[in-house]
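Undergrad: From just these sequences and the hints, can you work out the full model?
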Amino acid sequence: MEMINVKINGMDIAVPEGSTVLQAAHTAGIDIPTLCYLKDINAIGACRICVVEVKGARSLVASCVYPVNEGMEIFTNTPKVLESRKKTLELILSAHERKCLSCVRAGSCELKQLAYDLGVEDEGYYDGENIDYELDLSAAHMVRDNNKCILCRRCVAVCSHNQGVGVIGANERGFSTHISSAFELGLGETSCISCGQCIAVCPVGALTEKDNTDDVLNAIADQDKYVIVQTAPAVRAALGEEFGYPIGTNVEGKMVAALRRIGFKGVFDTNFAADLTIMEEATELVERVTNGGKLPMITSCSPGWIKYCEHYFPDMTENLSTCKSPMQMFGAAAKTYYAEKLGLDSKKMVVVAVMPCTAKKFEIGRDDENAAGVPDVDISITTRELARLIKRLGINFANLPDEKFDEPFGISTGAAIIFGATGGVMEAALRTAVKMITGNDAGNIDFTDVRGIEGIKEASYKVGELDVKVAVASGTANAARLLKKVQSGEADYTFIEIMGCPGGCVNGGGQPQQPAKIRNFEDIRTIRAKALYDQDASSEIRLSHENPAIKAIYDEYFEKPGSHKAHEILHTSYIKRGL
Amino acid sequence: MGSTISSIPFAGTSEQEEQLLEVIEQNRDDKGCLMPILQQAQDIYGYLPIEVQKIIAAKTGYPLEKIYGIVTFYSQFSLNPKGKYKISVCLGTACYVKGAGEISDKVKERLGIKNGQCTPDGKFSLEDCRCIGACGLAPVMMINDEVYGKLTVDSIDGILAKYKD
Ligand code: SF4
Ligand code: SF4
Ligand code: SF4
Ligand code: FES
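Read top to bottom, the protein sequences are chains A and B.
Mapping of the first sequence onto my numbering: position 418 corresponds to residue 418, and the numbering continues sequentially without gaps.
Mapping of the second sequence onto my numbering: position 135 corresponds to residue 135, and the numbering continues sequentially without gaps.
Source of the hints: derived by calculation from the structure; they are not laboratory data.
Here the structure is a predicted model, which means the values were calculated and not measured.
Beta carbons: idealized from backbone N, C-alpha and C, even for Gly.
Check the hints yourself; a few may be wrong.
Chain B side only, calculated, beta carbon under 10 Å to chain A, not exhaustive [what the hints assert, rightly or not]:
1) Ile5
2) Glu65
3) Ser75
4) Gln76
TA: This is the structure we're talking about:
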């Protein structure tokens, strides 16, 4: 790579050609503040909080989009620069509803942190009249509060470019500019897929999930209810971030201990249901391949992806696996099999799910997700909401012992844990499909071609007599690219895995928000995914079909994968929504 | 803020739709195709209601919100049809100091519409405007080509009553 020599605050430094001033400064150990810029998502140079002086330039330049060139002299810390940033920030603050004490982002707000870091003295200096915006409560999964929006447009960019949805954007102009949907419709009336990527990138409290923590506490306080909880694989790889652990720390044991202290009667692992999903899904795949069913078959674990398919590719809903998502399978199995085992009326059981995802809040209200005549899952909270609960109840997370999940839904495999990363479901399914098709386990069960964070991955495998062509996509804009190839006949895959969020659930819309100053220089998806792959590698059992609890549930209840009973309880149907 | 979908029923004809589709066909491969398409669509229909914007979205592949964002950014585009009688209340400086704000509020109250909107019967539409060069008569308003000057809040009912049909 060509290197370029620049001077930053008088220091000589060499950086790769094509770097921005922001990146060069980071290499030199200086973090320039940013607001609108977010790597790989938004580079519009609009907010001008990141300005620096460049020798010879007529005015201050926006470092986030300004490329370096040979011999450039950059000054990041002159009084002129600092004054300009502070004034920019004070202007933003004057149009911002500053209610930090009751703001859900008070602990993670990039604006509040900047005001502190840049030494703002009077946050109300430029205060004037502001528009009073109504909250948008129309969507099942989130709340939009334009009074706190700073118009950075990260949400707009992620929704349109990375997710290929584009239901939010800037409307009107000047003082009246605001983020909303076409014709000011509520988000819930649009083709929003509930992925929550907009929430994950919002630097402030303008976009938040609908908080269901009180519902959890009220259910637990209700003596008539039997409240159990399940946690998705990706939650344990990120929850620690809310308590000061480095990104990528697996806090499974402490998470289980915390859930017990919150008061759940059973603390279970969605991973168990992931293994169940693999049994059903691999069976369905083999079925479709041998009986000429609809191919390619596409995974159905990600409710954001499902809603995207229903809106944008309604002709392909037959390609979706009919398997419920692991979260829903868990609830369905809990309210049938487990309730019977306990001798409990399923109406008294409350299933809470802790998910890295906001679309799960939408999914629990779908039709055909109520195996026992009541919703399979009652309450779905995000990783962030779980952290909020732990803090509110005064649970000293760092000092908790490592505890184990309860049985029977606590036993799971390495195949299940990797569901949380893009490619993981594919790999887990391949491990079991090979066994189902050939009667033997694969010689090497690490299908590394489908790992990693690239948006689209392809591989082909010889399984027995069969050529199995697979593809993996994450982020729905990538999914659209892939499906267009399928529709045009350019590609003929057997099996496709799609996750709604870029990188899969580790980067779900319900995960702890990392600020731009981290995301611009580190790939949180890779670091969190590593925690899951490490757990897989060190698991005693790494194949779903070898999970003893799975064998038991089929022996005692479902007979065999794909049985009539399994179909009634563990499978679902889809809607052709269109736009 | 409530939806901005026009309350006037859409009355586009199949000829208009054919014209629109042709315009889209001619422009859609250009990168900056939305501006020319929207301008011509506005010429065809007189305004850009959701029905028209949805056709443009479906045929160009751009999200509806992107189109709506452009339409609300430029004041040349309108989300509402013009009424049979177009009312413009001048809010230029001279009129404003003489109470044009109250005049404008009174008209809005009488017609039950906001600036830029049209009454559900299609009769009146309202557009605040800047100086129309009749400052000597301030405050003034225009209804189609007719100028009314030295307005008072109490004179509004009588003026509107002239436009019964
Ligand atoms: S968004 Fe940030 S600055 Fe605004 S009220 Fe919330 S914590 Fe405070
Ligand atoms: S939840 Fe996803 S689809 Fe909906 S507005 Fe946010 S980014 Fe767009
Ligand atoms: S809602 Fe959040 S992400 Fe979107 S523009 Fe406003 S502040 Fe930025
Ligand atoms: S202009 Fe650089 S971060 Fe906004």
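Undergrad: For each hint, tell me whether it holds in the structure or not.
TA: Verification of the hints:
1. Ile5: Given a least distance of 5 Å, the restraint on B/Ile5 holds.
2. Glu65: OK, holds: B/Glu65 within 10 Å of chain A, min 4 Å.
3. Ser75: Result: holds, 8 Å to nearest chain A Cβ.
4. Gln76: For B/Gln76, the interface hint is violated, since the closest Cβ of chain A sits about 12 Å away, which is over 10 Å.
Hint check: a violation occurs at hint 4 only; the rest are consistent with the structure.
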